Structures are given as structure tokens and as C-alpha cells.
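Visitor: Sequence:
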Amino acid sequence: MRPPSPLTRDNPGFLLAKALQRWNELLAFRFAAAGFAEVRPAYGSILIPLYEEDGLRMGELARRARLSKQTMTTMIRKMERAGLVRRAIDPEDGRAFKIRLSNKARRFRAAAEGALAGLDRRLAGIATPAATRTACDWLKAVARLAE
Numbered sequence: 001m002r003p004p005s006p007l008t009r010d011n012p013g014f015l016l017a018k019a020l021q022r023w024n025e026l027l028a029f030r031f032a033a034a035g036f037a038e039v040r041p042a043y044g045s046i047l048i049p050l051y052e053e054d055g056l057r058m059g060e061l062a063r064r065a066r067l068s069k070q071t072m073t074t075m076i077r078k079m080e081r082a083g084l085v086r087r088a089i090d091p092e093d094g095r096a097f098k099i100r101l102s103n104k105a106r107r108f109r110a111a112a113e114g115a116l117a118g119l120d121r122r123l124a125g126i127a128t129p130a131a132t133r134t135a136c137d138w139l140k141a142v143a144r145l146a147e
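Every letter in the sequence shown is one number past the one before it in the numbering used here, and letter 75, counting from 1, is 75.
Simulated from the structure, these hints should not be mistaken for laboratory data.
Hints should not be assumed to be uniformly reliable.
[As the list claims (entries may be wrong)] The calculated lysine-lysine pairs, modelled on DSBU-like cross-linking and capped at a C-alpha distance of 35 angstroms, are: (1) Lys78 <-> Lys98; (2) Lys69 <-> Lys104; (3) Lys69 <-> Lys98; (4) Lys140 <-> Lys98; (5) Lys69 <-> Lys140; (6) Lys18 <-> Lys104; (7) Lys140 <-> Lys18; (8) Lys140 <-> Lys104; (9) Lys78 <-> Lys140; (10) Lys78 <-> Lys104; (11) Lys78 <-> Lys18; (12) Lys18 <-> Lys69.
Fair warning: this is a prediction, and the values are worked out from it, not measured in the lab.
Work the whole structure out from these sequences, hints included.
Guide: See below:
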């Protein structure tokens, strides 16, 4: 007898992708409602490390965001056009750039925190705190999977 196919809508990878898709839809809606329609949920991969430590070098930011250098360059360009970040030459190494948050990105932080708090409240309605912690631990483990 053949084992069941992993190609189903119950596959953890499929479910993870669909959950992320819905999460990003909800975030985008909340960002737009707060007056920041130009901020894409994907920018969180860059904004969160910069909120933790502004002025990171591109390479370090890419490492913390877990993005390739090519993806990082593309996203930084888009975020510059949206007025969220700016590049500054690193005074310690004129060949390198540091990425700094704009005033707009600093204002957006409150909207992002509000959007995430609202979604956290929605999650609290469907899962216990223990289940949420377990899910977060599982997601961290998935993010660390090796090839």
C-alpha cells in the first residue's frame, strides 16, 4: 500500500503558506486603515531589525532579516521609494552603506504595533496562551530547519 501523498491542503507547508498569506492580507488592510497603504507586510523583515537597532549595514541587515543580498537590495530600493528608509555611507567604511529609518518609518511603528496587537487579540480568541507559545516555538523551529 502506498503512503498518502504529501500534496494535500493538509500539508504543514501548504497550511503555513496559506496562514502567512492571510496574515499578510490582514496586516495590509490594517496598515492601509492607519494611513500607511504603501507599507507592504513583507517590509517587516527589514523594519523589525531596524526598529531593534537602527543604522545597520546592509550585510548585517540581510543576515538578521534572513534575506539574500539581491532581495535585500530590491526591497531597500522599494522602501526608499516609499519613504521608509534611507541609505547612508558608513563613515567607517566608505564602500558600505548603513540603512536608517526615516521619520515616516518611526511614525509607522505605532501603526504596526497597533495592527499586530489587534491580530494578537484575534489569535487569543482561537488559541490558548499555551497553544500560542507552542505554535511560536514550532514556527521558530521551522525557520531554523537545515537543508
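Visitor: Each hint: holds or not?
Guide: Hint by hint, here is what the structure shows:
no.: 1; hint: Lys78 <-> Lys98; result: holds (16 angstroms)
no.: 2; hint: Lys69 <-> Lys104; result: holds (24 angstroms)
no.: 3; hint: Lys69 <-> Lys98; result: holds (14 angstroms)
no.: 4; hint: Lys140 <-> Lys98; result: holds (27 angstroms)
no.: 5; hint: Lys69 <-> Lys140; result: holds (22 angstroms)
no.: 6; hint: Lys18 <-> Lys104; result: holds (30 angstroms)
no.: 7; hint: Lys140 <-> Lys18; result: holds (17 angstroms)
no.: 8; hint: Lys140 <-> Lys104; result: holds (30 angstroms)
no.: 9; hint: Lys78 <-> Lys140; result: holds (27 angstroms)
no.: 10; hint: Lys78 <-> Lys104; result: holds (14 angstroms)
no.: 11; hint: Lys78 <-> Lys18; result: holds (25 angstroms)
no.: 12; hint: Lys18 <-> Lys69; result: holds (26 angstroms)
Hint check: no violations occur; every hint is consistent with the structure.
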